[in-house]
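Asks: Take a look at the letters that make up each chain.
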Amino acid sequence: MWWKIASVVLLVYTIVAGFLVPLKSGIERVEPNAADANQLVSIRLFGYNTFFARPASEPIRVWLYYDDERALRAKKVQVVNDTIMEAVFDLPATLPDNKPFVLLNALVDHPTAGASLLPAAFTLRRVDTLQGPLDRAWTADPVAQLHLQEGFSFPYQNILYETIRNTYFHVPMWFVLLFLFAASVWYSLQYLRRSRLAFDRKAAAYAEVGILFGILGLTSGMVWANYTWGKPWSNDIKQIMTAVALLVYIAYFILRGSFSDPEKGARLAAVYNIFAFASLIPLLYILPRMFDSLHPGAKGNPAFGSQDLDNTMRLVFYPAILGWTLLGFWIADLRARYQRLHDKAMGLE
Amino acid sequence: MDRKILTFLLWVGISLPAAFAEGNRDFMRETGKIYVVVATLLVILLGIVGYLVRLERKLTKLEHQTKKDDA
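As you go down the protein sequences, you meet chains A and B in turn.
Taking the numbering used here, the leading residue of the first sequence gets 1, the next gets one more, and so forth.
Taking the numbering used here, the leading residue of the second sequence gets 1, the next gets one more, and so forth.
The set of hints was computed from the structure by calculation and includes no laboratory data.
Mixed in with the good hints there might be a few duds.
[What the hints assert, rightly or not] No farther apart than 30 Å at their CA atoms in a straight line, the calculated lysine-lysine pairs in the BS3-like style are these:
id: 1; chain 1: B; residue 1: 67; chain 2: A; residue 2: 344
id: 2; chain 1: B; residue 1: 4; chain 2: B; residue 2: 58
id: 3; chain 1: B; residue 1: 68; chain 2: A; residue 2: 4
id: 4; chain 1: A; residue 1: 344; chain 2: B; residue 2: 61
id: 5; chain 1: A; residue 1: 344; chain 2: B; residue 2: 68
id: 6; chain 1: B; residue 1: 58; chain 2: A; residue 2: 4
id: 7; chain 1: A; residue 1: 231; chain 2: B; residue 2: 67
id: 8; chain 1: B; residue 1: 58; chain 2: A; residue 2: 264
id: 9; chain 1: A; residue 1: 264; chain 2: B; residue 2: 61
[Claimed, not checked] Derived, one-sided and incomplete: chain B residues facing chain A with beta-carbon distance under 8 Å:
id: 10; residue: 9
id: 11; residue: 29
id: 12; residue: 47
id: 13; residue: 49
Don't be surprised by glycine CBs; every beta carbon is placed ideally from N, CA and C.
Only chain A is shown next, with the shape it has when bound in the complex (with noise of 0.2 Å):
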């Protein structure tokens, strides 16, 4: 029992941290977003989360940073309100490594707000083909001495926004889905060894229990995909893995229901079942990673890097998995008791 109290807990804290929290604050594009090199210009950068207006008692510093040691300071800040602020650059003649153009990032450092970047935010293209020593600006107010945003916040990231909460909704169903598989292949394991069809009830309740948090994240990842990639289906090879996942434990389903005999159904069954769990592992976890994917974590990276999941998101992400894992366990819980009853009914045992 306290596990289902602790399952709606963790739900619960899951839902409303994973809504409530802020997310921290970012720049959402620059105007003009490329200008060409040596001349005065005015660029107008819109944050999103950010406090520009906050009261400072040191200056608000804007940089566009090549790297670094190689950036440009603002030469003058104007805050228009919380979200828009113009800064004046005086781009120099030169640019670093000599190239024929360079994409530069974008960074406002407010002393209480804390700080914001726009990777890639602004292209400044070379005039001429001058090849002169780098000029003085770029190296003369290097980017230092940030200030941190205080208070709990989700990492902002350009095209995901706030949907980076679905860390917590769609993602968890990935865990629920592997852990109610392994307990399914569990019971097959108990049933081959003492033959008793309560452990084969388990392990189709527990399957079946799967292949629905299964299809509720790939659905969920269609929501999700249709607003971040574009569309609901591209392909993906984790997408296709994990259908090609799913119809190998239909197929289960099929094999189990189609003798007779049940004790035969289920004793073959239960051997298919573990050769099914086995082809989870290359499925779910070594061919996603030989192929590129919109899914972080392609091409041989583990599954999050720093950058997709930070200590704050940690701290809702771990209860989450652990509060739709219990209830995936309840569920299947309920799926089996039933099956039981059921059986009975029929006479079956």
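Since chain A is already given, all that's left is putting chain B on it; use the hints.
Replies: Below, chain B alone, put in the same frame as chain A:
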């Protein structure tokens, strides 16, 4: 799960918000796309509730059956 329930879930998540969007003013993409999170959570919760409703229906059927057997 039922194909109907699945279609319904996708409709809740994608088609319904699209119907609310007027021209370029897509409310799902406003205010930092927060409604995408609402839609995602709604899809998951409705999916779970849908499964529970289906389970309850089976249970009701079983109850009727056992009542008949007892009578």
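Asks: Which hints from the list above does the structure break, by number from lowest to highest?
Replies: Hints 3, 7, 13 are the ones this structure does not satisfy, whereas the remaining hints hold.
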